[in-house]
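Here the protein sequences come in this chain order: S and G.
Its first residue numbered 1, the first sequence is counted upward by one per residue in our numbering.
Its first residue numbered 1, the second sequence is counted upward by one per residue in our numbering.
Since the hints were derived computationally from the structure, they do not count as laboratory data.
Certain hints may be false.
It does not matter which identical chain is meant; a pair holds if it fits inside one copy or across any two.
To be verified - Lysine-lysine pairs mimicking BS3-like chemistry, simulated, CA-CA at most 25 Å apart:
1. K218 with K427
2. K258 with K174
3. K196 with K28
4. K198 with K222
5. K196 with K427
6. K196 with K275
7. K306 with K258
2 protein chains.
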Amino acid sequence: MTRICLIGAGPSGMSMLYHLAKMEEQGKCIPDVVCYEKQSNCGGLWNFDWRTGVDEHGEPIHGSMYRHLWTNLAKECFELPDYTFDHHFGKSIPSFTTREVTLDYLSGRWKTVNATKFVRLNTIVKNVVYNPDEDNFTVWARDQVEDKDLPSEQFSHIVVATGHFSVPNMPYFKGVETFPGRVLHSHDFRDAREFKGKELLVIGSSFSAEDISLQCVKFGAKSIVCSSRSGPMGFKWPEEIKEKPLLERIEGQTVFFKDGTFTEVDAIIYCTGYKHTFSFLPDNLRLQTENTLYPPNLYKGIVWIKTGNNKLMYIGMQNQYYTMTMFDVQSFWACRVILGEKTLPERDIMETDMSRWIQKLERVTSIPDGIDFQTEYVMDLCGDSGYQHNLDVKDIFQDLNRKRKESIITYKDNVFKSKFTGTVSCKHHKPFMSVFDDSYDAIVN
Amino acid sequence: MTRICLIGAGPSGMSMLYHLAKMEEQGKCIPDVVCYEKQSNCGGLWNFDWRTGVDEHGEPIHGSMYRHLWTNLAKECFELPDYTFDHHFGKSIPSFTTREVTLDYLSGRWKTVNATKFVRLNTIVKNVVYNPDEDNFTVWARDQVEDKDLPSEQFSHIVVATGHFSVPNMPYFKGVETFPGRVLHSHDFRDAREFKGKELLVIGSSFSAEDISLQCVKFGAKSIVCSSRSGPMGFKWPEEIKEKPLLERIEGQTVFFKDGTFTEVDAIIYCTGYKHTFSFLPDNLRLQTENTLYPPNLYKGIVWIKTGNNKLMYIGMQNQYYTMTMFDVQSFWACRVILGEKTLPERDIMETDMSRWIQKLERVTSIPDGIDFQTEYVMDLCGDSGYQHNLDVKDIFQDLNRKRKESIITYKDNVFKSKFTGTVSCKHHKPFMSVFDDSYDAIVN
């Protein structure tokens, strides 16, 4: 009997439930599905959590969301073709949305088919075991509100949609244990106003480093030194932000860089990325990977080939340019496979396919290359699953990337045109760097 | 076959290993013992960890230690009679010790019998199951450095010594999610210097609230408002510290109290205690308790009576006046039971004994009562196990408590006399509130 255990009710998991609920609405017989969600709400990373560290039950906090986050993608890059922004809001809104607005949009789509009915909130998966004799999986979960282990359950399929921006990668630097101020990872960053008037060291050179540095300047940080291994980000920064090579060591409040220069700072923010971590899975089911556009051992980036039965799947485990739409087509593809509407090829064909992608990935050396690669991946899934829409928004991505390189300070003031409605976004009432109230009302109304 | 799984290599776990190693040294045949320790060092809470939240493997940080912590007990309250401070340091040191000095003392004792040889560092216990047919336990662990599940192992006995000051109790207050500054639990407090010049709200009225408030004033916080449900702590505070009733709500930076007063603060520190949490244990083995001087379902405060075989034990799960010496006699008592040198009475006698203690506990209504209660508990274990020393230091505790009530600012400047050596501690070179360098060298040399 087909019975699906879905782990995680963020954008990826909810896309899978959306497709299942929609199929059911269309009169299809869908299998039993249970979605376990650790948080008290659906939406994954898009929920804001005032806590850091562990939650009220002692489990690591999932969220890495900060109060004033704006998407670093124009919404036209992740708009879902069967549920457009125009449809949800009934009017045009700016291209760069905020956390409340984004979550509102996503949950609007789930609500159309009551997809949340499958979700058990506040429930953690503790362990999953594959039973080769029965060719199924046993899942142990715990109800955190009742503070009780749940009876173990059997499932034919496991779908892991727990995200990979939750467990901080936080390397040691000599002397960090002597630093007198706050040392935090971007995972624990909640509100830039904490750092008003402060001198900061930001370690890292990827999206978090760039966005958190700008946030802090916007909300009044005195100065920011960005340090990275991979060389300067090279944007035209506001004068408060300077770039330095990699941090070498820390002595008290003084941070020393590889080039021999040093400065004093009040706090250190690690923007050094995340680790793919699945503490609820045993080694034989556990994806082990760097953050890459094509993780190993996943056919079509989805099916875990190492158990051999192809009934363990992962959604959204790629590094991401495409986000919501990629999760959506992955989920749709996975549903069709699980429902038996689509047959997987033999193992050797799957391996050849994976090798082909991994070879292609070796030629990706820039952001534009990455956008092209992931566009091709998403379009391959569209074709292979019979997804009804063309998700290629490569041109918007490339245009956005050029604008971002031209001006990191103003790129969120740009407007883009929806591929699906033709609507050109309206402008924010003020430039990004002058908008301090980015509540739902302020952005939408 | 007797085979012990000990979980945790803090002061409690190391006391058990000390006794086993010592028995071995004395020519006794001791059972196989494996101690699993999540951290990379022995010493439990006494290790300082610059990280907060999760460790480099994504597991919740164990430690709640802050840089400038001094014991709030005179060392004469926790001195181990067979390994005195005089013996370890070769001279008299002050009564109130610091984290480095305390850990150095504790580890000195372990080293005398090489007790760390039983410890597997960086190894987490993921699950424990009791097998009624075999009357043993299966333990699943994971080597965090190798990032590998270890083969499951069978044990006759489980001893849980993981402490109960690791998982924050952090209640919600209306509006906390809108507060723009840092909101942290004392578990994540690392260095008071972060709060220099700041106005703080400290929630709570127990030892952490008192100690962290004083720390922050000592290192330059501008003002501190202490808010608590249970009424003012009532000490003669320095002028920077004021007491308020319970927090009612938060609006932006403004915190409102039950009495209608309000103030603006820069950061909120929860000193609201910890939860007994054992996420690696299933419900049938899991101690569920408030922080109390006599947790339920533990015969002699140690043996878990609910599995029926009396082979699951907990060390150090009590609320604590006595610390190191209580863990030590508990460990000694547990060793004697496990080695068969001591027989447990029938179930009904154990239940009568537990009821007697719990009835007695109902009459404890003050700190002096609590000290007397725990003295009696510790002395009962001494007698019952044939522990070679008299651990009663009630008089020192009561004297200390009086001095603390007289002056919270100066009580750590007092000296006490060791029950075991007769030595009167030397004084610190300066009063507590003026000592800013409390490194090992500064305190000992």
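### Message
Under the constraints set out in the numbered hints, which ones does this structure not fulfil?
### Response
Per hint list: 3, 5, 6 and 7 violated.
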